[in-house]
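Listed in order, the protein sequences are those of chains A and B.
Our numbering puts the first residue of the first sequence at 1, with every later residue one more than the last.
Our numbering puts the first residue of the second sequence at 1, with every later residue one more than the last.
Don't read these hints as lab results, they were simulated from the structure.
The reader is advised that the hints may include incorrect statements.
Keeping only pairs whose Cα atoms sit at most 35 angstroms apart, straight-line, the calculated DSBU-like set for lysine-lysine is [what the hints assert, rightly or not]: (1) Lys122(B) to Lys216(B); (2) Lys84(A) to Lys170(B); (3) Lys157(B) to Lys50(A); (4) Lys157(B) to Lys97(A); (5) Lys170(B) to Lys157(B); (6) Lys68(B) to Lys126(A); (7) Lys157(B) to Lys79(A); (8) Lys84(A) to Lys126(A); (9) Lys133(A) to Lys216(B); (10) Lys125(A) to Lys99(B); (11) Lys116(A) to Lys7(B); (12) Lys7(B) to Lys285(A).
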Amino acid sequence: MNNIPLEKSRLVSEPADPWGVYTEASANREKIWSKNRTFLGDVWFRFRTKPTAILGLILVLLVVLFSLAGPSFVTHTYKEQNLKYANIPPSLRTVEKDGRYFYISPALQVVEVSAKGELLGALSKKSADNANKRTTFDAGDGQLVTVDYSSKPYTLLNDEGNRIESFHGLHNRTYLLGSDALGRDMLARLMYGARISLIVAVIAALTNLVIGVLYGSISAYAGGMVDSVMMRIVDIINTLPLTLYVILLSMVIEGKGMLSITVALGTVYWVNMARVVRGEILSLKERDFVLAARTIGSSTGTILIRHLIPNAMGPILVTLTMLIPSAVFMEAFLSFIGLGLAAPLASLGTMCSDALATLRTAPYQLFEPALVICILMFGFNFVGDGLRDALDPKLKK
Amino acid sequence: MGRYIAKRIGMSVVTLFVLICLTFAMMHAIPGGPFTSDRNVTEAVQQALNEKYHLNDPVIVQFGNYIKDLLHGDLGMSYQYQGKSVNDFIVDGFPVSGKLGLVTTIFVLLASIPMGIVAALKNGRWQDMLVMVIATLGVTIPSFVIATMLMYLFSYKLGWLPTFGISSWKSFILPMVAMGGYSLAFLARLMRSSLLEVMGQDYIRTARSKGISEFKTITRHALRNALIPVITVLGPTIANLVTGSFVIESIFAMPGLGVHYVTSINNRDYSTIMGVTIFYATFLIAIVFIVDLFYCLIDPRIRYE
C-alpha cells in the first residue's frame with residue numbers, strides 16, 4: 001500500500017482538493033509508463049552491465065578499425081619490399097659517430113639513422129677483415145666506418161681504433177613496428193593480415209550459420225524419419241576429427257587464395273549450430289503461433305523463415321559469436337602449418353609462421369601478430385560470453 | 001549395458017567407414033595425380049608408375065583394394081619416399097606422439113582439476129581470480145603462440161630448456177605446457193562451475209548439517225558429483241591431445257607422427273596423408289569409445305538413457 005502515493009504522483013498531478021474528483025486520471029490510468037524497449041534494446045541493456053563484455057566489444061571494434069581504416073594512415077603497403085631494410089626492429093640501438101647515427105643489424109648490416117629515427121640508407125660493404133672480425137663500410141663522402149663484431153654488442157670503432165661503447169636508443173620512424181625478413185612494413189602487414197583474418201573468419205562463420213540453421217530447422221520441423229536420419233549424420237560428423245578434415249578440404253579445393261581456406265572452414269563447423277537450432281525449433285514448433293500460421297495457410301517455408309527461425313535468434317547469435325573466434329583460430333592454425341594463404345597475401349597466421357625462421361634475432365615479428373590474434377580472441381570470447389548472458393539468462397552457468 | 005556397448009560399437013564402425021570413404025573421395029578429388037609433379041617425368045614413366053600403383057583402375061576397384069588392404073592393416077606405400085610404407089611412418093612416429101600426448105594428458109588432469117577445485121572453494125577471492133585469468137588466457141591464446149613464446153623465453157633467453165628434439169625428459173616440458181594450455185583452461189573452468197553448482201545443492205547442506213567435516217563433505221559428496229561433467233568431456237579432450245600435436249611437434253622438431261603429417265601435406269604425399277588421417281581418426285574414435293564406456297560404469301544414469 002505504501003507505493004500508492006508514488007504511483008499517483010507519477011500518473012496525475014495532485015488536484016487542489018484532495019477529496020475532489022480526478023480529472024485526467026481516466027485517460028492516463030491505462031498508460032504504460034516504463035520505457036518501451038525493443039528486443040535489441042533489451043539485449044543491449046543487459047549486455048552493457050557486464051564490464052568484460054564491453055571490454056571485449058571495444059577490443060573487437062579497435063581491431064576492426066585498425067584493419068579497415070589503418071592502411072590510409074601508413075605510407076607503406078603490405079607487399080612493398082625493401083631488402084635493404086630487412087629485419088629492422090621497432091626500437092633501434094644505434095652507435096653515434098661524428099654526429100651520425102648507425103644501426104648495426106644482427107646480420108651485420110649497417111643502416112644510417114637520422115637523429116629522429118628515420119632510416120636514411122644502408123651502407124655498402126667496402127672491405128672485410130675476417131681475422132680480426134671487422135668489416136669496413138662506406139659511409140659516403142669518402143668516410144669509412146668499421147664494425148667490430150669480435151664481442152657483443154656489435155659496435156663501431158672510433159678513429160683511434162677503439163670500440164665505441166655508448167649507445168643511443170632511437171625509435172624506428174620509418175617502420176613503426178619494424179620490418180620483416182623481406183623488408184616489408186610490419187604495421188601495414190598487420191593491418192592487412194588482421195583484415196584478411198577477420199574476413200575469412202566472418203565469411204566462414206556466416207556460411208556455417210546458413211548451413212547449420214537450414215539443416216537444424218529442416219531436421220526439427222520435418223521430424224520423424226527425416227529427423228533421425230539427419231541427426232545420425234550429425235552424430236557421425238561430430239565424431240570425425242574436424243581438424244583433419246579442414247586440412248584435407250583445403251588441399252582438395254584448388255588454389256592458395258582466400259577461397260579455399262574460407263570454404264574449408266565454412267563447410268565443416270556447422271554441426272553445433274545445427275544441433276542448437278534443432279533443439280530450439282523442436283520446442284517452438286509445438287507453440288500456438290505455429291498452429292495459427294498453419295491454419296491461415298502459410299507454407300512450410302514461410303513458417304520456418306518468418307516464424308520459427310526469428311524466435312530462435314538468441315541461441316543462434318550466441319553460437320555465431322562463438323564460431324568467429326574459432327574460425328580466426330583455425331585460420332591461423334592452417335596458415336601456420338602452411339595450408340593457408342600464399343605470399344604476398346598475409347594473414348595473422350602466415351605472419352606468425354613466417355616469423356618462426358627469425359625468432360632468435362627478430363622476435364618482435366612473432367609477438368606483434370600473436371598479440372593481435374590474442375586481442376581478437378579475447379574480444380570475441382568476451383563478447384560471446386556477454387551476449388550469452390544477455391540473450392538467454394537461463395543459459396548462464 | 002550390453003545393448004549400449006553393441007550400439008556404440010555399431011556406431012563407431014559406421015563412423016569409421018564414412019570417414020574412410022570421405023578421405024578416399026577427397027584424396028581422389030584433388031586435381032592431378034601423385035606423379036604429375038614438376039619433376040620432369042616422361043609420359044612412359046608416368047604410365048608405368050600409374051600402372052605400378054594401380055592408379056589406372058576404375059575408382060571403385062581402387063577403393064575395394066584399399067579397403068581390402070586396410071582390413072589387413074596395410075595403409076599403403078608412400079608416394080614420395082621410395083620403399084617406405086605408411087605403416088613405417090606410424091611405427092616410427094607414433095611412439096613419440098603418443099608419449100607426448102600421454103604426458104600432456106596427465107599434466108592437464110593433475111593441474112586443471114585441483115585448479116578448478118581451489119577456484120570453486122575460494123569463489124570470489126584472489127585464488128579464484130588467478131585461476132580464471134589463467135583459464136581465460138589458456139582458452140584465448142592459440143597453442144602455437146604459447147609454444148613459440150615459451151620457446152623464446154625459456155630456451156633462447158633463459159636457456160633452461162632445450163629448443164628441439166627429444167634428448168631428455170626436459171624436452172617434453174615446453175611442448176606439454178603449450179599443447180595442454182587449452183584443455184587445461186577448459187577443464188579448470190568446467191570443474192569450477194560444476195563444483196560451484198554442486199556446492200549449492202541440498203544434499204551438501206544435509207551433509208553439513210549432519211556434522212560431517214568440511215573435508216569429508218567435499219571429497220565424499222561434492223567432488224564425486226562435480227567430476228561427472230568433467231569426465232564427459234574427457235574422451236574428446238584426451239583424443240585431441242594425443243592426435244592434435246602436429247603444430248607443436250613441428251615447432252619443437254620432435255620426430256613424431258604430427259611432423260610426418262605436416263611434411264606429407266607439404267609434399268602432397270597423398271597415400272601418407274590418407275593413411276595417417278585414417279589412423280588418427282580410428283585412434284580418436286577408439287579413445288572416445290573407451291572413455292564413454294568408463295563413464296557408463298561410473299554414472300549408472302547414463303546406461304538407462
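Cross-check of the supplied hints:
Between Lys122(B) and Lys216(B) the alpha-carbon distance is near 17 angstroms, which keeps this suggested pair within the 35 angstroms criterion. Distance restraint check for Lys84(A) and Lys170(B): the Cα-Cα separation of roughly 40 angstroms exceeds the 35 angstroms cut-off, and the hinted pair is therefore not satisfied. As the CA atoms of Lys157(B) and Lys50(A) are separated by approximately 39 angstroms, the hinted pair breaks the 35 angstroms bound. Distance hint between Lys157(B) and Lys97(A) is fulfilled; the C-alpha atoms sit about 30 angstroms from each other, no more than 35 angstroms.
A threshold of 35 angstroms between alpha carbons decides the hint, and for Lys170(B) with Lys157(B) the separation of about 16 angstroms falls inside it, so the pair holds. Between Lys68(B) and Lys126(A) the CA atoms are separated by roughly 68 angstroms; this puts the pair beyond 35 angstroms, and the hint is violated. The hinted pair formed by Lys157(B) and Lys79(A) meets the criterion: a straight-line CA distance of about 32 angstroms does not exceed 35 angstroms. Annotation: proposed proximity of Lys84(A) to Lys126(A) holds, straight-line Cα distance about 16 angstroms (limit 35 angstroms).
Between Lys133(A) and Lys216(B) the CA atoms are separated by roughly 71 angstroms; this puts the pair beyond 35 angstroms, and the hint is violated. Note on Lys125(A) and Lys99(B): the hinted pairing is violated, with a Cα-Cα distance of about 51 angstroms set against a maximum of 35 angstroms. Restraint check for Lys116(A) and Lys7(B): not satisfied, since their Cα atoms lie roughly 73 angstroms apart, outside the 35 angstroms limit. Only pairs whose Cα atoms come within 35 angstroms are accepted, and Lys7(B) paired with Lys285(A) is accepted, the gap being roughly 30 angstroms.
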